[in-house]
Amino acid sequence: MSLILSRRRLAAAVRRSGPAALASRWLHTPPFATVSPQEISGSSPAEVQNFVQGSWTTSGNWNWLVDPLNGEKFIKVAEVQEAEIKPFVESLSNCPKHGLHNPLKAPERYLMYGDISAKAANMLGQPVVSDFFAKLIQRVSPKSYQQALAEVQVSQKFLENFCGDQVRFLARSFAVPGNHLGQSSNGYRWPYGPVAIITPFNFPLEIPLLQLMGALYTGNKPVLKVDSKVSIVMDQMLRLLHACGMPAEDVDFINSDGITMNKLLLEANPKMTLFTGSSRIAEKLAADLKGKIKLEDAGFDWKILGPDVQEVDYIAWVCDQDAYACSGQKCSAQSILFMHKNWSSSGLLDKMRSLSERRKLEDLTIGPVLTVTTSSMIEHMKNLLKIPGSKVLFGGEPLENHSIPEIYGAFKPTAVFVPLSEILKSGNFELVTREIFGPFQEVLGRSVNGTTYAGIRARTTGAPQNHWFGPAGDPRGAGIGTPEAIKLVWSCHREIIYDIGPLPKNWALPSAT
8 MSLILSRRRL AAAVRRSGPA ALASRWLHTP PFATVSPQEI SGSSPAEVQN FVQGSWTTSG
68 NWNWLVDPLN GEKFIKVAEV QEAEIKPFVE SLSNCPKHGL HNPLKAPERY LMYGDISAKA
128 ANMLGQPVVS DFFAKLIQRV SPKSYQQALA EVQVSQKFLE NFCGDQVRFL ARSFAVPGNH
188 LGQSSNGYRW PYGPVAIITP FNFPLEIPLL QLMGALYTGN KPVLKVDSKV SIVMDQMLRL
248 LHACGMPAED VDFINSDGIT MNKLLLEANP KMTLFTGSSR IAEKLAADLK GKIKLEDAGF
308 DWKILGPDVQ EVDYIAWVCD QDAYACSGQK CSAQSILFMH KNWSSSGLLD KMRSLSERRK
368 LEDLTIGPVL TVTTSSMIEH MKNLLKIPGS KVLFGGEPLE NHSIPEIYGA FKPTAVFVPL
428 SEILKSGNFE LVTREIFGPF QEVLGRSVNG TTYAGIRART TGAPQNHWFG PAGDPRGAGI
488 GTPEAIKLVW SCHREIIYDI GPLPKNWALP SAT
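Residue numbers (the working numbering): 8 to 520.
If you are wondering where the hints come from, they were derived from the structure by calculation, not from laboratory data.
There's no promise every hint is true.
[Claimed, not checked] Computed spacing ranges between beta-carbons, pair by pair:
#	residue 1	residue 2	range
1	S191	E256	47 to 55 Å
2	K432	E274	29 to 37 Å
3	L111	P517	27 to 35 Å
4	G61	I507	51 to 59 Å
5	W324	E256	22 to 30 Å
6	N186	E491	30 to 38 Å
7	G313	K112	47 to 55 Å
These numbers come from a predicted model, not from an experiment.
Ideal Cβ positions, reconstructed from N, Cα and C, are used throughout, including at glycine.
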């Protein structure tokens, strides 16, 4: 089916552009792909399908997405309606609660997924494939090529980390001697069985892929929902995984609105759901699913500069990267900077201003904000400026000379100074700490506290790819990217007590107790 669609699209594109123009683009498109990032446009729209019970399917409803850079309708997504969820419900319901594999069932599948990871890592490491995904990410979640490619590289390294025996090491068990011969207690990492994964727009490949593979490694059967604005990326990634040997029945992939997905979760009753996204929706799902959920929800991230002024050029660059890379649309983006008074004469803010002015729409070092409109950011800034002593340090204006549609935001990298003495006054704390998922941060004076990303080279958006990322202090908190995160999120503890005898010699029926 996918190859037929590819040939049809290629033939149509040749008719529009001529064979010479198309040849070079499609020669650099991987064999599993059904789209070419350079070809997606209003005149050559792409399609995103659903995948359920081992087959690619469409829907009675097509949702058109507009290009975040020019407003053209350029991708149509087959969004499943409430009346169409039955195949997805049946697919999850057919998965037993002991999963597709576990330490006592089909253990060869641990090795199979080690092999799949090795093949996928090798394929994703090929320049043609990594370039394909980087450019596809740019088309739907515009960010610089370097940022998009870094997302692909992190995903590739993750797959490398779980090649060979590393998958079955996730199921490492233990045994404790019992009270007598033949008795022992054994602890196993056990899958949940049918599970669900819901991920956001800002990392179209990295977040869904890492959570999906973690669920599969541990024996679960997931249904995956990615924000429809960017789901074309995982549509193509699933095709890569199928080409690498992943069984077609192991994963379902759905495009839908939130109401339909909520209905699917309530009817299919997955034993665990991973949600990455806004705190408001996270709390609703936690209630609807009766706590059977792990959350990686929104974050308002603080950076604190203590009294020791040093390496000002480097600190300015780090602050710029952490606040404005990907137009501020990272869960770990710097939202607020606490600055000790010693930094006020260091020139730090002037350097930050100069660095922010290097960011251009032409190379997507600043770009569309997909969940916050320009008017919303202006309104937030005006509310901050009502606080006594507040002022715009730089930015504070919409981008100019662009064709970004009004449903998205287009704002210059912005920093607003707020006196620390004002933040704790009635109503101000909630306003100052309201997360704006865009190129916007507040700067506060006179603080001497610590931070989680600690040290002179610490970056909230530049930690090594092998680190745990996730919230702490909440039992529902999820993690991503490491063996510990996978075991926490995608498996549970199951205890089996073996007591196989022999019976003691001369055993007699004891008295009733």
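Here is what the structure says about each hint:
| no. | hint | result |
| --- | --- | --- |
| 1 | S191 - E256: 47 to 55 Å | violated, 35 Å |
| 2 | K432 - E274: 29 to 37 Å | violated, 48 Å |
| 3 | L111 - P517: 27 to 35 Å | holds, 33 Å |
| 4 | G61 - I507: 51 to 59 Å | violated, 40 Å |
| 5 | W324 - E256: 22 to 30 Å | violated, 48 Å |
| 6 | N186 - E491: 30 to 38 Å | holds, 32 Å |
| 7 | G313 - K112: 47 to 55 Å | holds, 54 Å |
Violated hints, in rising order: 1, 2, 4, 5; the structure is consistent with all others.
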